[in-house]
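Student: Here is how the chains run, residue by residue.
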Amino acid sequence: MLSYIVRRLMFLPVVLIGITILIFALISTLGPWTLVATFIPSPDAERHVDLEGIIQKYHLDDPPLKMYMRWLNNLFHGNLGWSQSSHMTVAEAIGNRFPATLELTLFAVIPVIIGGIALGVISAVHHNKPIDHTTRIISIGLWSLPDFVLGLAVLMVGYGILGWFPPGRLSSWAELEVLSDSFRSFTGMYTLDSLLNLRFDIFWNALRHIIGPVFTLACLWWAFMLRITRSSMLDVLNQDYVRTARAKGLAEKDVIKRHALGNALIPVTTVASNMLLGLLGGVMIVETVFNYPGLGLLTSTAATRLDVPCVVGVALFYAIILVLVNLVVDILYSVIDPRVRLE
Amino acid sequence: MEILRRLVKNRISLLGLVLLIIFVLIAILAPWLAPTEHEDPYRIPRRGWTLEPTPPSAEYPLGLTQGQYDIYYGIIWGTRTAFRVGIIVITFRALIGILLGSISAYYGGLLDEILMRFTDIFMSFPYLIGVVVFVSIFGPGLNNVMIPLIALGWMPYARMIRGNILAIKQEEYVMAAQAIGVSDLKIITRHILPNSIFPVLIQASMQIGSIVISVSALSFLGLGAPEGYADWGQMLSFARNWMLGEQGNVLKYWFTVAYPGMAMVLFVLSWNLIGDAFRDIMDPRIQA
Numbered sequence: 001m002l003s004y005i006v007r008r009l010m011f012l013p014v015v016l017i018g019i020t021i022l023i024f025a026l027i028s029t030l031g032p033w034t035l036v037a038t039f040i041p042s043p044d045a046e047r048h049v050d051l052e053g054i055i056q057k058y059h060l061d062d063p064p065l066k067m068y069m070r071w072l073n074n075l076f077h078g079n080l081g082w083s084q085s086s087h088m089t090v091a092e093a094i095g096n097r098f099p100a101t102l103e104l105t106l107f108a109v110i111p112v113i114i115g116g117i118a119l120g121v122i123s124a125v126h127h128n129k130p131i132d133h134t135t136r137i138i139s140i141g142l143w144s145l146p147d148f149v150l151g152l153a154v155l156m157v158g159y160g161i162l163g164w165f166p167p168g169r170l171s172s173w174a175e176l177e178v179l180s181d182s183f184r185s186f187t188g189m190y191t192l193d194s195l196l197n198l199r200f201d202i203f204w205n206a207l208r209h210i211i212g213p214v215f216t217l218a219c220l221w222w223a224f225m226l227r228i229t230r231s232s233m234l235d236v237l238n239q240d241y242v243r244t245a246r247a248k249g250l251a252e253k254d255v256i257k258r259h260a261l262g263n264a265l266i267p268v269t270t271v272a273s274n275m276l277l278g279l280l281g282g283v284m285i286v287e288t289v290f291n292y293p294g295l296g297l298l299t300s301t302a303a304t305r306l307d308v309p310c311v312v313g314v315a316l317f318y319a320i321i322l323v324l325v326n327l328v329v330d331i332l333y334s335v336i337d338p339r340v341r342l343e
Numbered sequence: 344m345e346i347l348r349r350l351v352k353n354r355i356s357l358l359g360l361v362l363l364i365i366f367v368l369i370a371i372l373a374p375w376l377a378p379t380e381h382e383d384p385y386r387i388p389r390r391g392w393t394l395e396p397t398p399p400s401a402e403y404p405l406g407l408t409q410g411q412y413d414i415y416y417g418i419i420w421g422t423r424t425a426f427r428v429g430i431i432v433i434t435f436r437a438l439i440g441i442l443l444g445s446i447s448a449y450y451g452g453l454l455d456e457i458l459m460r461f462t463d464i465f466m467s468f469p470y471l472i473g474v475v476v477f478v479s480i481f482g483p484g485l486n487n488v489m490i491p492l493i494a495l496g497w498m499p500y501a502r503m504i505r506g507n508i509l510a511i512k513q514e515e516y517v518m519a520a521q522a523i524g525v526s527d528l529k530i531i532t533r534h535i536l537p538n539s540i541f542p543v544l545i546q547a548s549m550q551i552g553s554i555v556i557s558v559s560a561l562s563f564l565g566l567g568a569p570e571g572y573a574d575w576g577q578m579l580s581f582a583r584n585w586m587l588g589e590q591g592n593v594l595k596y597w598f599t600v601a602y603p604g605m606a607m608v609l610f611v612l613s614w615n616l617i618g619d620a621f622r623d624i625m626d627p628r629i630q631a
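Respectively, the protein sequence lines represent chains A and B.
So in my numbering, the last spot in the first sequence is 343, and the numbers never skip.
So in my numbering, the last spot in the second sequence is 631, and the numbers never skip.
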């Protein structure tokens with residue numbers, strides 16, 4: 001067990017270095033002159049700027065390896081550069097926006113996992129019965145809905161027609177309250193903070209804003225989870241040990257609970273990291289549709305304004321999170337399924 | 344043929360098949376359904392210069408979206424864009440995956456280890472974010488979206504091919520063929536390829552729907568197809584400014600969302616319906 005974890009931990013820096021090399025290779029296709037162009041605000045200013053001087057000063061014409069080492073050194077010190085599109089350093093921008101995205105993801109993941117697994121099991125147990133067909137058709141339908149189309153529809157109905165779920169993160173009055181001194185910020189997640197501050201009006205406001213994007217994100221991944229659970233459960237239900245359990249007269253309920261469910265959930269844990277990948281991508285689109293100021297909106301705004309440092313910074317941040325989560329998932333996986341450790 | 348017969352027999356996959364055939368026909372017949380007016384058929388013609396969308400009329404059955412771009416024309420030619428993007432991305436992904444996966448499985452040892460760690464690195468990169476990094480460096484455009492989608496999407500196929508080949512090499516029928524002196528070439532073409540690559544190719548083609556979603560999503564964010572290009576995602580990005588209608592008439596511009604959205608959903612649905620049935624057909628254990 002320990003050797004497995006150590007092996008996994010040793011692989012961690014390899015992945016991170018691989019990712020930085022990948023990104024750096026992309027950046028370095030931009031020549032020193034293109035890099036300098038980011039310093040020039042207008043064509044008029046170009047005449048007064050000492051381009052050669054800037055290239056010299058920031059060592060933009062160094063050999064790639066030297067530039068890479070310097071960049072890596074900066075990254076280690078948390079210096080991710082300056083974000084033009086959000087007018088602050090990239091590290092600050094990420095720090096500001098991360099709680100919002102975390103809040104959104106946490107809200108979305110819970111119904112996805114619980115609802116998806118429960119319905120997937122039900123669907124598999126009643127394979128080819130009406131309930132299976134219904135959930136299957138609904139889940140294929142939802143899975144075929146692109147998140148931005150669903151998001152637009154949710155916004156149109158939930159805000160345009162019903163007026164229940166406004167875009168953004170808070171109404172402006174609540175925003176002012178949250179920024180004032182009397183409101184203590186614990187986590188940066190408004191729903192949680194407002195409860196801790198006993199401000200239920202702000203909680204209600206934050207909740208109304210978050211429901212639209214959460215619903216949009218959850219629908220998609222709920223369908224995904226349901227499909228994975230269903231096929232994995234079907235697989236397990238056809239195994240010999242389940243047949244044996246049935247043959248010795250166990251009640252069907254016990255067969256499913258004791259023998260099938262645990263084994264069926266093993267593949268489900270492996271797709272958890274896939275789901276996280278998808279959620280991070282989905283967050284970018286959903287946040288843009290709902291104008292919800294998290295990391296996703298930060299990325300898409302930065303990308304449309306060609307703000308490379310910001311996009312790269314977020315990508316690295318995501319990569320680190322992803323690698324860590326994958327590590328945790330792998331370790332959990334080896335705890336649940338002892339066969340993995342032997343490989 | 345057996346697979347096709349079963350796809351037609353199943354009502355769910357039949358629906359998918361019919362939808363897909365309709366889309367293929369639309370893509371083939373595009374020049375007749377919506378005659379081109381520019382040199383570049385993928386440029387949606389504009390019927391005026393005002394910003395506000397115009398509702399459907401006898402002349403323009405699906406209405407005109409922001410900037411008076413013809414929605415009907417955009418949907419017809421957008422079908423071609425969807426097929427083209429999906430097929431190009433899948434083909435290259437599968438090619439890279441098959442190449443690296445089979446090299447890895449064939450040579451084994453250190454090379455296998457290096458290639459697999461290489462795939463691990465690529466896999467631990469958030470796919471859509473990777474595309475955004477690429478686009479923010481090289482600028483928006485359909486090609487600049489497809490390149491990173493290929494570069495960050497071949498890994499599952501490489502792994503699958505590798506796993507399949509390794510498993511098949513151990514199968515008794517391959518060993519038996521070796522034992523009776525069948526040539527390597529014949530073993531590869533007759534036994535290993537059909538059982539390792541074809542299932543992967545089928546699975547890959549089922550991904551076309553989700554690739555079209557990814558590309559459209561990027562166009563929607565303004566990172567993919569340029570304004571006025573016949574692409575469903577790009578057309579939906581216009582809708583963003585108009586979906587809340589106006590005071591007292593929320594659904595005034597419904598057509599800007601509904602038609603391109605419907606085209607996309609049906610396209611993706613057709614692939615997913617077929618893919619879902621395929622999975623059950625390909626898995627012999629579930630048939631019991």
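Don't read these hints as lab results, they were simulated from the structure.
The beta-carbon is built from N, C-alpha and C at its ideal position, and this holds for glycine as well.
Careful: at least some of the hints might be erroneous.
Stretches of chain B that chain A covers, calculated by requiring three or more beta carbons in the stretch to come under 8 Å of a beta carbon on chain A [what the hints assert, rightly or not]:
no.: 1; segment: 471 to 485
no.: 2; segment: 558 to 567
no.: 3; segment: 574 to 588
no.: 4; segment: 599 to 611
Student: Hints first: check each against the structure and report whether it holds.
Tutor: Hints, one by one, checked against the model:
1. 471 to 485: Coverage by chain A holds for the segment 471 to 485 of chain B (12 residues, Cβ < 8 Å).
2. 558 to 567: Our answer is that it holds, as 6 residues pass the Cβ test (under 8 Å) against chain A, meeting three.
3. 574 to 588: holds (count 7)
4. 599 to 611: holds (count 5)
Comparing the model with each numbered hint stated earlier shows that all of them hold.
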